[in-house]
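A.B. asks: In order, the protein sequence lines correspond to chains L and S. Throughout the first sequence, residue numbering follows the numbering used here, covering 1 to 256 in sequence. Throughout the second sequence, residue numbering follows the numbering used here, covering 1 to 256 in sequence.
Since the hints were made in silico from the structure, they are not lab data. Yeah, the Cβ is synthetic: ideal placement off N, Cα and C, and Gly gets one too. Among the hints, a few may not be true.
[What the hints assert, rightly or not] Residues from chain L that face chain S, not an exhaustive set, calculated with beta carbons under 8 angstroms:
(1) GLU19
(2) THR20
(3) PHE23
(4) ALA184
There are 2 protein chains.
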Amino acid sequence: MAAQLQLANIRNALIRLEETILFGMIERSQFRRNAAVYQPGLPGGGDHAESLLDYMLHECERSHAKVRRYTSPDEQPFFHDLPEPILPALTYIDNPLAPNTINLNNRIREDYIHRVIPLLCLPGDDKQYGSSAVNDVNLLQALSKRIHYGKFVAECKFQDTPDAFRAAIRACDATRIMALITNAHVEQEVLNRVANKTKIYTGELDQLPGMHCITPETACTIYRDWIIPLNKQVQVDYLLQRENQPGAPHNERRAP
Amino acid sequence: MAAQLQLANIRNALIRLEETILFGMIERSQFRRNAAVYQPGLPGGGDHAESLLDYMLHECERSHAKVRRYTSPDEQPFFHDLPEPILPALTYIDNPLAPNTINLNNRIREDYIHRVIPLLCLPGDDKQYGSSAVNDVNLLQALSKRIHYGKFVAECKFQDTPDAFRAAIRACDATRIMALITNAHVEQEVLNRVANKTKIYTGELDQLPGMHCITPETACTIYRDWIIPLNKQVQVDYLLQRENQPGAPHNERRAP
Chain L
1 MAAQLQLANI RNALIRLEET ILFGMIERSQ FRRNAAVYQP GLPGGGDHAE SLLDYMLHEC
61 ERSHAKVRRY TSPDEQPFFH DLPEPILPAL TYIDNPLAPN TINLNNRIRE DYIHRVIPLL
121 CLPGDDKQYG SSAVNDVNLL QALSKRIHYG KFVAECKFQD TPDAFRAAIR ACDATRIMAL
181 ITNAHVEQEV LNRVANKTKI YTGELDQLPG MHCITPETAC TIYRDWIIPL NKQVQVDYLL
241 QRENQPGAPH NERRAP
Chain S
1 MAAQLQLANI RNALIRLEET ILFGMIERSQ FRRNAAVYQP GLPGGGDHAE SLLDYMLHEC
61 ERSHAKVRRY TSPDEQPFFH DLPEPILPAL TYIDNPLAPN TINLNNRIRE DYIHRVIPLL
121 CLPGDDKQYG SSAVNDVNLL QALSKRIHYG KFVAECKFQD TPDAFRAAIR ACDATRIMAL
181 ITNAHVEQEV LNRVANKTKI YTGELDQLPG MHCITPETAC TIYRDWIIPL NKQVQVDYLL
241 QRENQPGAPH NERRAP
């Protein structure tokens, strides 16, 4: 089995991403919600079509596309008009994924603005628009990667018990697929770890006067009600595409 | 006294930056040294004048300049051909600093490549050039901010005992100024906190198989031998400019 499909390796990648996500949440929560960052037109800057967040995210993706970030199977861009890489292509010989078009980034960005930011940040406007948007970009990219990692998880689960999945996939039975991929025990382990890490990572900062820190409960809420469900949605979408995409049949890999 | 000059506020800003720097070190240390990132010409990409790091840093600074990052008194750019802001200017009414031209970023970048990277990363090349450079940019920007915060520290110390400083400054006695700004007890407190935080922040990750993590000793070495001395250099340079710059006399502020 390709190294990317060993469940232990996937699990380690997801655990590593928890640090990036929690560090990102802690950084963003230092600033107010700053709604002006998310409204079309730059704050005070006249008739610019994009919001400040979109402007910064777009600029960032343009430069990262040039160094081939979005050729990696574990990266999905938010924008689709990006320049070609200026670095020579890497060959991802171990890419275990079936060809797929799953990209939930529009949904992720909308939810982030309307559901996550109100949980992370105190209400109000502190004029720190640039800092807020820079932190948003970093955090959104980490969240997108974490959520889309569901593709690797799903492929791993499929190869573990292909017959059970194949029946549900061919019937397009999303409910059954969702049941097959769900492991309540593992989800609870993630939440316990996130709560514990948040407590550890904010413990020093919490003692600073005037410091707004996320709580373990907030981090768990975001994971339980948003990151985990979207990750599972990616898994279901991926599996439905995996067997039902006539134009791109997947050359099935099995465990050796 | 302006809020920015209360020693407690400066101290809190520096403590907050420790998280950003330590998180950044942890992220970068996941990848190999990847010397190709720092050599002129993009890796495998032909005759590009800039290294990949410089290319990414330059692109990042261009987009951040547009959202007025470098109009803030606590930010210094690495490049000097940046575009004008597209956001309306903020007025930093509380800026307590004397006009100054202190910018150690060229030195910071050179030392980062040749002294810090070998401490953070395992030797070798894992081809993760884009990820390495993205993490370098974030970490370099945090390090630059931390080091240049010496300007605020120096102004604060000056206003505390202006007569002692003024004599040393007018004599251009850098050694005497260095002695006046040095507080070995505070430096040891910083090192103790950095060691403790690194232990906390890497404790979870350290248990993952195959994971390379920085040690508390490494983080302390970088702070003790590099960040703190450069921060003190900024303080001395700032104080020398403060009183000796005929073109830009500083309208001295005293504590009320």
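A.B. asks: Are the hints correct? Go through all of them and say.
C.D. replies: Taking the hints in turn, this is what the structure says about them:
1. GLU19: Nearest chain S Cβ about 6 angstroms off; hint holds.
2. THR20: holds (7 angstroms)
3. PHE23: Result: holds, 4 angstroms to nearest chain S Cβ.
4. ALA184: ALA184 of chain L check fails; min Cβ-Cβ to chain S is 23 angstroms, beyond 8 angstroms.
The structure fails hint 4 only (numbered hints given earlier).
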